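Start from chain H and add chain A according to the hints.
In the order they appear, the protein sequences are chains H and A. For the first sequence, position 4 (counting from the first letter as 1) is numbered 4 according to the numbering used here, and the numbering increases by one without interruption. For the second sequence, position 138 (counting from the first letter as 1) is numbered 138 according to the numbering used here, and the numbering increases by one without interruption.
Since the hints were derived computationally from the structure, they do not count as laboratory data. Everything numeric in this text was worked out from a predicted model, so none of it was measured. Every residue, glycine too, gets a C-beta built ideally from N, C-alpha and C. The reader is advised that the hints may include incorrect statements.
No more than 27 Å apart at the CA atoms, straight line, and that leaves these computed lysine-lysine pairs for BS3-like [stated by the list, open to error]: (1) H:Lys72 - A:Lys38; (2) H:Lys17 - H:Lys83; (3) H:Lys81 - H:Lys151; (4) H:Lys151 - H:Lys83; (5) A:Lys287 - H:Lys4; (6) A:Lys157 - A:Lys25; (7) A:Lys209 - A:Lys287; (8) A:Lys287 - A:Lys204; (9) H:Lys121 - H:Lys151; (10) H:Lys151 - A:Lys82; (11) A:Lys38 - H:Lys4; (12) H:Lys4 - H:Lys17; (13) A:Lys38 - A:Lys209; (14) A:Lys204 - H:Lys72; (15) H:Lys121 - A:Lys82; (16) H:Lys72 - H:Lys151; (17) A:Lys287 - A:Lys82; (18) A:Lys204 - A:Lys82; (19) A:Lys25 - A:Lys38; (20) H:Lys122 - A:Lys82; (21) H:Lys72 - H:Lys4.
Listed below are several chain A residues computed to face chain H (Cβ distance under 10 Å; list not exhaustive) [unchecked claim]: (22) Arg40; (23) Thr54; (24) Ser76; (25) Val158; (26) Met239.
Chain H is nowhere near these chain A residues, computed Cβ spacing over 10 Å in every case [stated by the list, open to error]: (27) Phe4; (28) Glu44; (29) Glu88; (30) Ser91; (31) Gly139; (32) Val143; (33) Arg145; (34) Leu146; (35) Ala155; (36) Pro230; (37) Ala234; (38) Glu276.
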Amino acid sequence: MTTKTIRCTINGVPVEKTVDVRASLADMLREGCALTSVKIGCQVGECGACNVLIDGECFNSCIYLAVWADGKNIVTVEGLKSKEGLLHPIQQAFVEEAAVQCGFCTPGIIMTALSLLNSGKKYTREELRYEISGHLCRCTGYENILNALEKAINSQHNEK
Amino acid sequence: MFDFEALYEAQSVPHAIELLRQHPKARIIAGGSDLLIKIRNGEECGLELVSIYTLNELRGVSIMEDGTLRILPLTSFSHIIKSPVIQEHFSVLAQALSQAGGPQIRNIATIGGNICNGVTSADSASTLLAWDARLEITGPSGVRRLHIGDFYLGAGKVDLRPAEILTAILISRESYSGYFGRYIKYAMREAMDIATVGCSVNVKLSEDKKTISDVRVAFGVTGPVPRRAPAAEAAARGMPASMETVEEFAAAVREDITPRTSWRATREFRTHIAEEIAKRALIESIKLAGGELA
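Extracted from the complex, chain H is given alone in its bound form:
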């Protein structure tokens, strides 16, 4: 077994990890870092449950080699908690709009929502559908998820 030591920033904290070169980033985050918001769904990059931010862009961590994370800045849902322990406005919107049923797809969609929020743009409902097309939710039919996204992303801009 070949291993490699990588350095990266995870949820704002610089870390050094020794990983099996065959590991996916999802393997490393879940098993090496106990960040279990990163869900393993399809393992082939189709469902989006393992989606995380790498240098501000969304990636399915199940098809991203852990060794490629060397030098990168990674954010998972665990990194959204405020110092006071409050939910992030995106998470709060998911609660208010009942956009969660089983919850398995939720962390991945939250990370996509964060990248949309960070883009500084406003999105129509159709555009939001396009932007979450890399996520599968088998419970909700997406309506409440879209309601939550509209609320979180577009209202954030109104406040500014």
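Just chain A now, with coordinates in the frame of chain H:
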């Protein structure tokens, strides 16, 4: 954990070539959005991999002094879509790539990987072929360039010789200046799907916008590799920009294509769709070029 035998990480292009020489059986991995899935599914196992993914020297889009567009192969689909150079001079490529996979796939998938896989359904391939892209390939004996049409040798087979890697995709000024084009992908779903048929058309109109000075069209999934449609091009080149020409162009498509029946679609269905989307893409291209269809 992926089932592969070894991973060699290239630090530079020369290093990648050296690693490929040292490990002649090794496969190149770029973004891995095809290869890692094949490994996961057990279609490929025990591979040695040379990773070029972290080579930032192979990322970016620029215009060279002579006006040639230079797209580096590890540029992700989403970075190509967002590139101001692509938006200005080659927006049909952005339009084609924005129909591939979903957002996360477009962030990891590289345009070089999309071509080097040799897959007929690749969303970038028909557009690059229809714009006469040339490929720059670097290997142990230096750099060579060839037309993308000559790169495709057969289904899944491309003209990459031992220890060679794709290092740039080039579109000359003559190939893009004054051309307007459209890519139409026919698939069962609007996202996360593979084309049943894909068609990329572009035109250059005469100054008075009444004649089609040049037209180029390429298809994906109408044969084992992405292919141009010479009979259709001949039927419309030099002809008036009219609905009559469009109909003749679409009818000629049949002579150029050899689709097959698979679980996705039958040969007959693909033939029908190919004609129809070629027609629509030509109409849209003519309109984009400022023409009016009589």
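For this session: List, from low to high, the hint numbers that the structure doesn't satisfy.
Result: 5, 13, 14, 16, 25, 26 and 27
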